[in-house]
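Participant: In case you want the letters, here they are:
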Amino acid sequence: MQALSTIHSRFVPLQMENVDTDQIIPARFLKATTRDGFGKNLFRDWRYENNDEAKPKADFVLNQPKYSGEILVAGKNFGCGSSREHAAWAIQDYGFKVVVSSFFADIFKNNALNNGVLPVTVSENFLQKLFAQGEAATVTVNLEQQTITIDGTGEQEKFEINAYKKTCLLNGYDDIDFLLSIKKDIEAFELQR
Amino acid sequence: MSKTLFDKIWEKHIVKEVEGGPSVLYIDKHFIHEVTSPQAFKGLEKRGISLFRPQQIVATADHNVPTINQHLPIKDELSRLQVQQLKENCAHHGVELYGLGHPYQGIVHVIGPELGITQPGMTIVCGDSHTSTHGAFGAIAFGIGTSEVEMVFASQCLMQSKPKLMRINIEGELNKGVVSKDIILHIIALISASGGTGYFVEYAGSAIRSLSMEARMTICNMSIEMGARGGMIAPDETTFAYIKGREFAPQGEAWEKKLAEWKTLYSDADAVFDEELHINAADIEPMITYGTNPGQGIAVNGKIPSGSDNAKALQYMGLEAGKPLLGMPVQHVFIGSCTNSRIEDLRMVASLIKGKRKSDKVQVMIVPGSQQVSKQVKAEGLDKIFEEAGFEIRQAGCSACLGMNEDKIPAGEYCISTSNRNFEGRQGAGARTLLASPLTAAAAAITGVVTDVRELI
Ligand code: SF4
Chain A
1 MQALSTIHSR
11 FVPLQMENVD
21 TDQIIPARFL
31 KATTRDGFGK
41 NLFRDWRYEN
51 NDEAKPKADF
61 VLNQPKYSGE
71 ILVAGKNFGC
81 GSSREHAAWA
91 IQDYGFKVVV
101 SSFFADIFKN
111 NALNNGVLPV
121 TVSENFLQKL
131 FAQGEAATVT
141 VNLEQQTITI
151 DGTGEQEKFE
161 INAYKKTCLL
171 NGYDDIDFLL
181 SIKKDIEAFE
191 LQR
Chain B
1001 MSKTLFDKIW
1011 EKHIVKEVEG
1021 GPSVLYIDKH
1031 FIHEVTSPQA
1041 FKGLEKRGIS
1051 LFRPQQIVAT
1061 ADHNVPTINQ
1071 HLPIKDELSR
1081 LQVQQLKENC
1091 AHHGVELYGL
1101 GHPYQGIVHV
1111 IGPELGITQP
1121 GMTIVCGDSH
1131 TSTHGAFGAI
1141 AFGIGTSEVE
1151 MVFASQCLMQ
1161 SKPKLMRINI
1171 EGELNKGVVS
1181 KDIILHIIAL
1191 ISASGGTGYF
1201 VEYAGSAIRS
1211 LSMEARMTIC
1221 NMSIEMGARG
1231 GMIAPDETTF
1241 AYIKGREFAP
1251 QGEAWEKKLA
1261 EWKTLYSDAD
1271 AVFDEELHIN
1281 AADIEPMITY
1291 GTNPGQGIAV
1301 NGKIPSGSDN
1311 AKALQYMGLE
1321 AGKPLLGMPV
1331 QHVFIGSCTN
1341 SRIEDLRMVA
1351 SLIKGKRKSD
1361 KVQVMIVPGS
1371 QQVSKQVKAE
1381 GLDKIFEEAG
1391 FEIRQAGCSA
1401 CLGMNEDKIP
1411 AGEYCISTSN
1421 RNFEGRQGAG
1431 ARTLLASPLT
1441 AAAAAITGVV
1451 TDVRELI
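The listed protein sequences derive, respectively, from chains A and B.
Position one of the first sequence corresponds to residue 1 (this note's numbering), numbered consecutively onward.
Position one of the second sequence corresponds to residue 1001 (this note's numbering), numbered consecutively onward.
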């Protein structure tokens, strides 16, 4: 996993609530047996008319060149629905390193963290401020400090992240590295139960 | 100190606490299927490690499989490859596979319980959000992502933070025509599709205790649709009677020992929950959804609510706020999925439609949850009833619940479905899903329109 610390970038505003994983990556793309290449199908049915790559829907944010960046900002309850990790893979493969929302579905949040994508939970108020920024606005997400700042206005919020997960992200470790390191404890646990 | 059911199981499975972090939780049973496991197997190989406890894993093929001519090679190339990959991975790593053609094959959340693999007090995971189903037996069961599948492969453990606990109490008797699917749709409509996020839910109360195991599974199954990590119900005599004698249930002395242990699994009288909800069973009516998340549901005879968050959903669904759904024509009825494809669900449908014929205007598909359910359907002669009614019975799998195989609903058409998700495009691009109970779905099959099942019984 890639290490992550400070991201300074413009952002793509997806002003929608309850974005479910079936929208992030529709089921028909789950037939792959590798983790690669999901980015091109991210939000597939919102992105293209009749599933036709030659016909991008002009009103969808990913198709608007004025928006870009490594940060996706979305409405409340992002990532609800299925446990498909393909949703996190699609977001990462597309190039997003951070997703900001006022609320994340649990499984998605875990999946994102396990793939080096940082979910940043902000207040509804801060989220609306982000949406109100122009397309040129940039934000800075500082994982070490656990802050997100709108660079233009200096407005800032702290965000929560579990200390263990933070260490993992900062160092690019994952849970398996840790679990393998405590195998003796696991075997001992099995014997005493 | 008094403990909740969840606490009792959780504490027994903690291998180690991590400073400032999640706990290391030991996993008893791990179910896998073809869609969310290949990348985890690849991950193991990349790390050069083997499966830690292959005998604690059970695999099946369900998401991708066709529901007709399962004896023939799968036509869709990608699906075929995925199913083939599962077979190879299981053979290579020594995992028991109930694949296509096996008498135990079926939807992963249907086969675990029916084989007696799912038992009280266990921790159970699967790379599938509806793993919450198994909580009906008084287990901590939840869905995980593929990276976590890999973690369990590597160590039989997961890094987990303890969730908050919610108890939902449903007291009293259910109205005529109201079944467990209506209870859960009612709850989700009440607290919204995100109202349970961060929580693990225990369902309790006299209405829950009166339910069969199948009905309890339907409720726990949809816990995830309110955002909850999982749902559970304390095991009781109904649970024990269901498990006893099943293929992998403990036997003889082992049974007695387990039984004594299972009987300690309940929330103590003064256990404290972070959140508690009380619902009167008599307030629940047959439910149906109108929108594109499972929280957008109403009583079948109600009107579609207005509200700014509904606008996008109603546009997709081609529906109007303020109007009733009752009487609206539907083109498809799908009876299946891990929510409602068990023998009891199919008996319920059969008893309503016996001697009747479906409307000419609807196509009705029944997809049993497993090969064993199919077998039972035939043994009880339910297949005759379905055939006479003009229903099409298929072979076991997820089918039109997520439309990964060819069972899809055409764009723009309406489908009353006993599944669990009405998301945009879930049953096929542009398909419009109305979630309901098997009874309400069967009623619509007969009349061709959204119907209040109470008028037919
Ligand atoms: S039936 Fe539907 S919800 Fe259940 S496991 Fe299959 S795809 Fe998932």
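Derived by calculation from the structure, the hints in this document are not laboratory data.
Be a bit skeptical, because a hint or two may be false.
[Unchecked claim] Facing chain A, a subset of chain B residues (Cβ under 10 Å, in silico): (1) Leu1044; (2) Asn1069; (3) Glu1077; (4) Leu1158.
[Stated by the list, open to error] If you want the footprint, here are the derived chain B segments under chain A, 3+ residues with CB under 8 Å: (5) 1033-1039; (6) 1369-1378.
The structure displayed is predicted, hence computed values, not measured ones.
Beta carbons are placed, not taken as given, at the ideal position from N, Cα and C, and that holds for glycine.
Participant: Could you tell me which of the hints above the structure violates, numbers in ascending order?
Facilitator: 2 and 6
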